[in-house]
Amino acid sequence: MRYLLTHLDTAWALTLIHLRLSLIPIVLGLLIAVPLGAFVWRRPALRRIATLTASIIFTIPSLALFVALPLIIPTRILDEANVIVALTLYTTALLVRAVPEALDAVPAGVRDAATAVGYTGLGRLLKVELPLSIPVLIAGLRVVAVTNISMVAVGSVIGIGGLGTWFTDGYQADKSDQIVAGIIAVFLIAIVIDVLILLAGRIITPWTRTSSAIRPRTKVAT
Amino acid sequence: MDANVVGDPATDEGGDVNFLQQALNFIFTADNWGGKAGLGARILEHLQYTGVAVAVSALIAIPIGLLIGHTGRGSFLVVTGVNALRAMPTLGVLLLGVLLWGLGLLPPTVALTLLGVPPLLAGTYAGIANVDPNLVDAARSMGMTETQVLTRVEIPNALPLILGGLRTATLQIVATATVAAYASLGGLGRYLIDGIKVRQFHIALVGAILVTVLALLLDGLLAGAAWASLPGTGRLRRPIPQPLLDDEVLLEARPRGRTPDYSGSDPSPTVEGW
Chain A
1 MRYLLTHLDT
11 AWALTLIHLR
21 LSLIPIVLGL
31 LIAVPLGAFV
41 WRRPALRRIA
51 TLTASIIFTI
61 PSLALFVALP
71 LIIPTRILDE
81 ANVIVALTLY
91 TTALLVRAVP
101 EALDAVPAGV
111 RDAATAVGYT
121 GLGRLLKVEL
131 PLSIPVLIAG
141 LRVVAVTNIS
151 MVAVGSVIGI
161 GGLGTWFTDG
171 YQADKSDQIV
181 AGIIAVFLIA
191 IVIDVLILLA
201 GRIITPWTRT
211 SSAIRPRTKV
221 AT
Chain B
1 MDANVVGDPA
11 TDEGGDVNFL
21 QQALNFIFTA
31 DNWGGKAGLG
41 ARILEHLQYT
51 GVAVAVSALI
61 AIPIGLLIGH
71 TGRGSFLVVT
81 GVNALRAMPT
91 LGVLLLGVLL
101 WGLGLLPPTV
111 ALTLLGVPPL
121 LAGTYAGIAN
131 VDPNLVDAAR
141 SMGMTETQVL
151 TRVEIPNALP
161 LILGGLRTAT
171 LQIVATATVA
181 AYASLGGLGR
191 YLIDGIKVRQ
201 FHIALVGAIL
211 VTVLALLLDG
221 LLAGAAWASL
231 PGTGRLRRPI
241 PQPLLDDEVL
251 LEARPRGRTP
261 DYSGSDPSPT
271 VEGW
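Chains A and B supply the protein sequences, listed in that same order.
For the first sequence, the working numbering begins at 1 and goes up steadily by one.
For the second sequence, the working numbering begins at 1 and goes up steadily by one.
Isolated chain A (complex conformation):
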């Protein structure tokens, strides 16, 4: 703990790198997965292909993907871009399955009501169905965010920056207090990001805060 307090500057710099590596993929993944998930939603054949591909991508160990990506895309080995691409793939893989499932869960009555007041096709999707699927998406995002943060930390064994370097440096220098400081720091940013996503989710879905019988309500994990 003392190590963390006496090295706050370094901790902050490493935290920024860590967050950059783990959060950019979440934004990219969302931008890819939401349209893709909505597109395959009512197309069973495409949806099956998307689900299967996503499962296989998810099964590839992250360290292996960090190392193997330069073979597939034109990046250099041990480049930050590999991490961002790999984690974007994982994020997309998780969300592309969650989006159609969330859309499935929109109550049929709500859909009918939206149709009845004149919404059709894309308008209904954007204004009614997608907003109602936000709670499930948020649940998926929270899992992805925490997973990404720990994957970046593990990446330090193959030379990826971020707070994980305190683990490897502390180990090489036989300084257990540095490792403990790293554990605390990674733990803290994971919890903070988790809570921030949770709060953001609650702010953009005001209807879940009232007593609502039609939505499966999200659990507040505080």
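The set of hints was computed from the structure by calculation and includes no laboratory data.
Backbone N, C-alpha and C fix where the C-beta goes; we use that ideal spot for every residue, glycine too.
Possibly wrong hints are sitting among the right ones.
[What the hints assert, rightly or not] Just so you have them, the derived chain A footprint on chain B, three or more residues with Cβ under 8 Å:
id: 1; region: 52-65
id: 2; region: 74-86
id: 3; region: 94-106
id: 4; region: 165-179
id: 5; region: 196-205
Since the structure of chain A is already known, use the hints to place chain B on it.
The following block gives chain B in isolation, referenced to the frame of chain A:
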């Protein structure tokens, strides 16, 4: 890393196909499989770390999940605990463990167990808590004791989700067991991490390929088990379940899970509603 690694040391960039070719050559050379530091021994070590950690996680997580799922008390603990444990950095715990307890099986087991507990706990708890309450009430009204309700009604019905949790736990553990090599232990991480260290990237690729193959094999095996555990008839026609992280998403999205099923209920039941 080894003297028998021949082949020109490729430079940092370019020659991508070359790396893959060299890696495959390495894997398909019989000489590299035998011996104490051969591929065969490394795979066995990797499976050993994985197996021990999965077993310990299951021994910890399943009883707790059953208890909390059955009694319904402390579900708050599960959600908070799962979130907190998932935020625990495996590598930090492993390296701290090595510094504190020395080399051996203990540090990787502790670190990997911390990784395996959250999905197993989430799966077990969500599985039990999601069993149709009418079913549980029916079992009680037939005179079953609480133990019988748990073992004969709740566990069989929860089995797909429990196995789903086991599958996620195994997948994450087998993927992360790679880091054991960083703490001078064995396993497939030896190739991956040593290859990076000495800048022999085709060796790193050997590790990456074999870990991926191992993960895909184990995942396929457990997916089959989860599929076979689906209760009721007609499961042969149902698709193989794909839980992976879904059980955890399920846990977070619907903690008690007892919401009506709206899926695919077209046309809407508005008319018969009253």
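Evaluation of the provided hints:
Closer than 8 Å: that is the beta-carbon criterion, and the region 52-65 of chain B has 0 residues meeting it against chain A, so the requirement of 3 is violated. Interface restraint, the region 74-86 of chain B with chain A: holds (5 residues with C-beta to C-beta distance below 8 Å; minimum three). Figure legend: the region 94-106 of chain B, annotated as covered by chain A; annotation consistent (5 residues with Cβ-Cβ distances under 8 Å, at least 3 required). A count of 6 residues in the region 165-179 of chain B with a Cβ less than 8 Å from any Cβ of chain A is obtained; the coverage claim is therefore met, three being the minimum.
Counting residues of the region 196-205 of chain B whose beta carbon lies closer than 8 Å to any beta carbon of chain A gives 4, which reaches the threshold of three, so the coverage claim holds.
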